[in-house]
Amino acid sequence: MSPTASRRKATEPATPEQRIEVRKTYKLYIGGAFSRSESGRTYKIHAAGRSGRFLANAAMGSRKDARDAVVAARDAFERWAMATAYNRGQVLYRVAELMEGRRGQFATEVAAAEGLTPARADKVVSAAIDRWVWYAGWSDKIAQVLGGVNPVAGPYFNISAPEPTGVVAALAPQCSSLLGLICVLAPIVVSGNTEVILTSEHRPLPAVTLSEVLATSDVPAGVINLITGRTAEVAPWLAAHQDVNAVDLAGAADADGLAWADLERAGADNLKRVLRPAGDGADAVEPDWSPVPDLTRIKAYLETKTIWHPKGG
Amino acid sequence: MAKFEYAPAPESRAILHIRPSYGLFIDGEFVQSSGGSTFKTINPSSEEVLAEVTEAGAADVDIAVRAARKAFDGPWGRLPGAERAKYLFRIARILQERSREFAVLESLDNGKPIKESRDVDIPLAAAHFFYHAGWADKLDHAGLSDGAGQPPRPLGVVGQVIPWNFPLLMLSWKIAPALAAGNTVVLKPAETTPLTALLFAEVCQQADLPAGVVNIITGAGQTGRHLVEHPGVDKVAFTGSTHVGKAIARSLAGTRKRATLELGGKAANIVFDDAAIDQAVEGIVNGIFFNQGHVCCAGSRLLVQESVADDVVMRLKRRVETLRVGDPLDKNTDVGAINSAAQLARIRELTQIGESEGATRWSAPCVLPERGFWFAPTVFTGVSQAHRIAREEIFGPVLSVLTFRTPQEAVAKANNTPYGLSAGVWTEKGSRILWMADQLRAGVIWANTFNRFDPTSPFGGYQESGYGREGGRHGLEAYLRTGASR
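Chains S and A are the protein sequences, given in the same order. Numbering (numbering that gives the first Met the number 0) for the first sequence: 0 to 312. Numbering (numbering that gives the first Met the number 0) for the second sequence: 0 to 485.
Source of the hints: derived by calculation from the structure; they are not laboratory data.
Below, in silico cross-link-like pairs of lysine-lysine (DSSO-like), each with a Cα-Cα straight-line distance of 30 angstroms or less:
1) 245(A) <-> 63(S)
2) 43(S) <-> 26(S)
3) 412(A) <-> 316(A)
4) 428(A) <-> 310(S)
5) 245(A) <-> 298(S)
6) 298(S) <-> 137(A)
7) 137(A) <-> 85(A)
8) 26(S) <-> 63(S)
9) 330(A) <-> 114(A)
10) 122(S) <-> 23(S)
11) 310(S) <-> 140(S)
12) 23(S) <-> 63(S)
13) 428(A) <-> 140(S)
14) 69(A) <-> 137(A)
15) 316(A) <-> 310(S)
16) 412(A) <-> 298(S)
17) 43(S) <-> 63(S)
18) 43(S) <-> 122(S)
19) 298(S) <-> 140(S)
20) 310(S) <-> 412(A)
21) 39(A) <-> 245(A)
22) 140(S) <-> 137(A)
23) 122(S) <-> 140(S)
24) 114(A) <-> 310(S)
25) 316(A) <-> 330(A)
26) 26(S) <-> 122(S)
27) 245(A) <-> 412(A)
28) 330(A) <-> 310(S)
29) 428(A) <-> 316(A)
Extracted from the complex, chain A is given alone in its bound form (with noise of 0.2 angstroms):
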């Protein structure tokens, strides 16, 4: 099926400040390292330098958390709920009315399409602290006093590191639920995509936020190692591998620290014989292309039922011909640039793999831009479950397609991963939606839809998925000291 032809419709840039270099923010404004090391942020489209940013040091990670800790003993603590949830108000508005120079520079930084960065990730950001604004002075009414009727305290200090794929979305699921709570933060972005964070770190301002309540230091792995083991943090709350997340409750292992840890899936997402094909086949793209499937919860094994695989498939690949690929910033655009070089080159070592394993690849043919990181929308199928792209998190636009016969064999293929994050299901029966709901060992569900998120909506995984929950009353609970944990 031929393409409409549509004129390039770029997002202006004209609406963004990008300073050529940033400090740390910490205690309330912008200060130079101690150590004075730099890197680079660049536009995985164009590879072209936006920003230098600071590598935060141990001693920049020991200040960070002193700043938080005084501004927990201090203000911050003192600081009536009631209160505390205006400062949240006030950030949730200043998102929304500065909404699009985020969408602008998310989409710069991360290399996601516009569309989604202003429709999905800046307006569910606004949400997240709205939402948790409310929570601030009815901690009491959360249901988690203890049995004494004690109601809640915050923990303390909260050490954050999280991923590059939905930077400012995953700074609000960490953030808002901290402050709401009455904690102070230390947060560190991701390496690759620093500046939303950082421009965050203006709201905070604009929003009269006392200082030392949010720090945000940028960095990579050794600056989130510092922040997660520095003594004087109370909870870590994680986003990432599954690595790294064993990594970090390992050396938390001892301690009396809290963690929640959000970490790497690999969703089945299955589609029965009486499904309504072009609202799964919809529903598969959506699972494994939004984002450039640099998504954790990512539908990127797709189980058809045996009968009507042929069918799928072919209408799936004739709706992947469709998909747009190229500039983030234009309007039209589905699909975006793949985040960096390394997760580039991490999509086509396994994609490779999987052809040499044996499975059948088909990309999209699509043209795909000199500059920058692209990979096309790819599709495999004949694969078998022992295959390392139906086992292995891939964390890029490709899908697995595996059959089955029965719902036995669809659940038993499903749970057949150490993750458990989500999964899918596409039946137009209802009992057997709730059957399988029941089966499938996975945090969330999305039965006839995927990729849906909401503040009020609990995310989190089983098993190496991670542990502890984000969004709803669950997620203000990994925040707080309750009953026995007090």
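If we strip away everything but chain S, and leave its shape as in the complex, we get (with noise of 0.2 angstroms):
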């Protein structure tokens, strides 16, 4: 039963054939718990379109929500980042099918989230899972494609190969609320990367449904954390986060209330890498995120480490 339909039926007495739903609270995802926000504040979502009825209080993260998510993907970075391609690409497959086993329900939330029909929401939801799928496989293919041996004029051994980069934070798109946040979210863990996302501001549901795919996956505690909020209230102690390494800006657009220049000003302090939203000039547009894409993304959170020794017999 639908929550509307639910709530439509609240006044009246329950008869012994109908069940009252019970509902779910949307929690933040911090370290591998499920915690409210430290602050104690909640806002309300509502369903797009023309019944904009209310949905759920989504927790209301703050600076601190923030902080203890940074701490929580520094603490869990080494042991990600060191852990074999293989591992990792098995790992982030395992969230594909744990979300295949969800698809009614994430429908059901990206429906009511984005106000589209259910055959609609249902081919977003088969994209973000093939989504997936597409970058987890590239967990143990980066390397060969981005590094390669150096033919440098000397007998020296000249290896490069990618890292990541560290902690990224990202902000999610604000209106593809799981294809979008996907697209964002996946290829920065895929190399190794840990990271803090701020959800969709307007439409967090299905991101909150994700961290509890994610709990229940084999992703460790840490690499992946959610906060739900007011984007603009959160993001500039994200960006200006000394323990934060880079920042995706994907969801600046259309974003309330925020200017990403002020971001990436921030970022400046200690050189995070910065993914500028797409769109021209001051301008940030949302892209469409369903052509496959390239490796843009991966490439954006992932440093070059050469190593040299010398040759002799």
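Both chains come to you apart, so use the hints to assemble them.
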């Protein structure tokens, strides 16, 4: 039964045949645990479209929540980065397996969040799962495609290979609540980075459900952290955080009261790698996430390490 | 150990024709500045004035950027890659032909020993042009096409600002990949070392490079700022201090300009007890005293395993005593002059802080010339991680020695820095080298060697040592529009 239906009938006495639905509390996902915002705040989430019906109270993440999430992501970094690429690939693939099992729930939430028909929402969920599978498969290919032996002019072995940048803070797209989220989230972790995701401000519920998938998958605690709340309130703290190595500003497009230039400027204090939002000039637009991507988003969070060693008999 | 006595063997300056004054190289010719402001460049080993150089103002920068844009939209942009390549090959060949002239001029203007400018800076600069020349007509094969098979395209006009430690070499790191990818450039050399860049302008003329493809504007920080902030610049490439790099990153925020930043470092050079100690000592010396320690990737923190620390330091001092400090043009000189009075003051300040914070200072007992800027090779022992000489980039011939007991401790200490440009590892154990290479958070790892450079080998840092790579396929990518970033 949909939340709307249950609400409409809430004033009527329950008949023996009628069952009152158990609703979900939508929480933050930090360090592998579900928590309310330390601030104690929530905000109302409504469905897209004409009905605009109430869907849930989402946790309204705070600066403190963001900092806790960065600490969790940093703690998780070394182990995740040092995991074998095969292992990371399997762990991420398992997320797609679990998403498939929850596709009905995702479709309902995406339909409500984005105002889509059930059929269209179902297609979006399929695309999101398939995109996750696509990125998971990259884990053990990145180094071969982007690295290699360099033919230096001397008796040296010289090789370059990509490594993860570290802790990445990302603003998830505001409009595409699941497919866009995954297009931002997956390329960060596939190479071994850990991340703090600030979800779509007005459409956060599919992201919270994704966090429940992550919690029951094999993704180690702290590798992916999700915070719901006001983008313009929390993003500046992440952009200025000295233990964050990179920021993804995709979700600056259509974010209320946010100038992405300010976030990039704050990031310069510790020379964060910055992936700017799509668009021209100061404008930020949310791209169409449906085409198969290229490696841009994977490359944005990689460092190239080059190793030299002499050769000798 | 006594030094061998050598008779002076100075390289002749007769090969040079330094003009009394230089204009700006814009649109294929030397022109006067609209502002008319000038400054002098001196020989840091004697304080002799070498030439008067123009300080480009905002109007000059604007003219240079427009010239570069005109060339990009015009003949250069239309030129097929195969023809573009030939210009780069020409430049590489002319640099080789005139290498002695460049080497002498570099040592005069910068203060580095002629054996380094002759054997490292200039040959590598030519090699960078030769390597990148070959890419110009092969960009479609560089593995940089997007998923739809669209080949990469140039970015447009590139603004480049380079430092004084490797003047011509840094110029080649910047200009060669930019041109190979099809861009045009406006480059500002450092204010204390403009002369080889101005001689390079002459090379561009000899190569008949189309006007406006390469523009050289001289000046100090303000000129660089005008260039970086000019709205007609599509990409900024900077090598220099982390402080200035952050300011550039701030100024580019909210624009669509690309940037690569190659900044400071505080590299750990890690010596294990099973290392070939004499080779390691050579590597330590090369790591910190090469180019007077004016090297962003210098091995300025020696981490030596406790069990061999006394032996390593003893042998190190014995070796450093043999270094010949003096006339940069003398072919037997190992360590030349500090590049400027300002840099010398910075080195003196930090070494005094090292002493006052409790580290033990030892300087090689060498006689320094009376005129010019000089600093004896110096080793600090008893250094803790909290000391400023262990944390801040000194950019001079000053080594800080720390010790460790376990590989884990070596890694923790090596990574305990906001920088991440390079690191060195000395051990005879292969598995330890590879483990260390995985653990060290730095862009270049030299194992059983140090300070090696090659045009095919990507160079650049992690964290606050900047972003982007120079050299190899990775460096080329920084000058191309690829994939979704098109």
